[in-house]
Every structure is written in structure tokens, then in C-alpha cells.
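Trainee: Sequence:
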Amino acid sequence: MRQHAKDPLLLERATFGLAHAYESQADLERAKKTYQELQSRWPQGPFAQAAQERLEDLARRPTHKFYDWFKRQNPKPPAPQDEDDLKLLPDRPPARNGSAGKKAADSTEQEPSEDAQPRSPDTADGNEQ
Numbered sequence: 216m217r218q219h220a221k222d223p224l225l226l227e228r229a230t231f232g233l234a235h236a237y238e239s240q241a242d243l244e245r246a247k248k249t250y251q252e253l254q255s256r257w258p259q260g261p262f263a264q265a266a267q268e269r270l271e272d273l274a275r276r277p278t279h280k281f282y283d284w285f286k287r288q289n290p291k292p293p294a295p296q297d298e299d300d301l302k303l304l305p306d307r308p309p310a311r312n313g314s315a316g317k318k319a320a321d322s323t324e325q326e327p328s329e330d331a332q333p334r335s336p337d338t339a340d341g342n343e344q
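Plus 215 on top of the position in the sequence shown (first one is 1) and you've got the numbering used here.
No false leads were mixed into what you were given.
Capping the alpha-carbon separation at 25 Å, the derived lysine-lysine pairs in DSS-like fashion look like this:
| no. | residue 1 | residue 2 |
| --- | --- | --- |
| 1 | Lys221 | Lys248 |
| 2 | Lys248 | Lys286 |
| 3 | Lys247 | Lys221 |
Estimated spans, in silico, between C-beta atoms of each pair:
| no. | residue 1 | residue 2 | range |
| --- | --- | --- | --- |
| 4 | Ala310 | Gln288 | 43 to 53 Å |
| 5 | Asp306 | Lys286 | 42 to 52 Å |
| 6 | Gln259 | Gly232 | 14 to 24 Å |
| 7 | Gln264 | Ala310 | 51 to 61 Å |
| 8 | Pro223 | Glu271 | 21 to 31 Å |
| 9 | Arg256 | Pro277 | 27 to 37 Å |
Hints in this document: simulated from the structure, not taken from any laboratory.
Cβ atoms here follow ideal geometry from the backbone N, Cα and C, with glycine treated the same way.
Please work from the sequences and hints to get the whole structure.
Mentor: See below:
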């Protein structure tokens, strides 16, 4: 993207995005160099202040500790569902009114309370006119 950008603002934005991507990969040295490049090429640009803030944050020890921890993470996707689990799901959600079938006799579904019903502006304070 950066090698094809002709608009200076787009190029600056792409450079900031690249630095942010390096930071997200815990490649802090490349992130710092890219933020510094942004500051030197566009010192008055709209991303200069954000780049300065990121550089200041990347110089702090707690930030390094966070990225050290972040690099060690190895998230795993959830285990695939057992095919038998899918058989327990209904084909469609149960009907909410009598037009598509009756509720099960042992249903615990309750009608909304009176407080949950929408009120008109005339009755919002509880005093009907």
C-alpha cells in the first residue's frame, strides 16, 4: 500500500497503520522505527501526535512487560462441537404466540410484566389523563 500511495495523507495513514501492525505483532523495534519515520516525514501531520504518544508508551517498562506477556499467548479456537450436540437443537425456535402452535405445558416462559410494556407519553408518569 505504501509503495503505491500518491496522496500524502494516505501514505501517512498507511505508515501509521504499519507501525500499529508491528506493535500488534509485538515487534516493538520495527514499530518504533516506523513511528519515528512518520514523525520525521510528516512532523505536522495529523498522525504525528499519535505517533509521539505511541513512542512514549513504547518507552515505558509496563508496556514492554505487556508485550512480553502478549508474545507468550497462544490462544486456541474452541473445540469443535460434537455432532450429537447438534441433534439436541430444535429445528426452529418455539413459537411465541398461538398462531404457530401452542406453548409447551411445562414452559417457564412468562408474559412480560406490566412495567415492561411500552407506555405512551401521557401515561409515563403513571397518571392517566
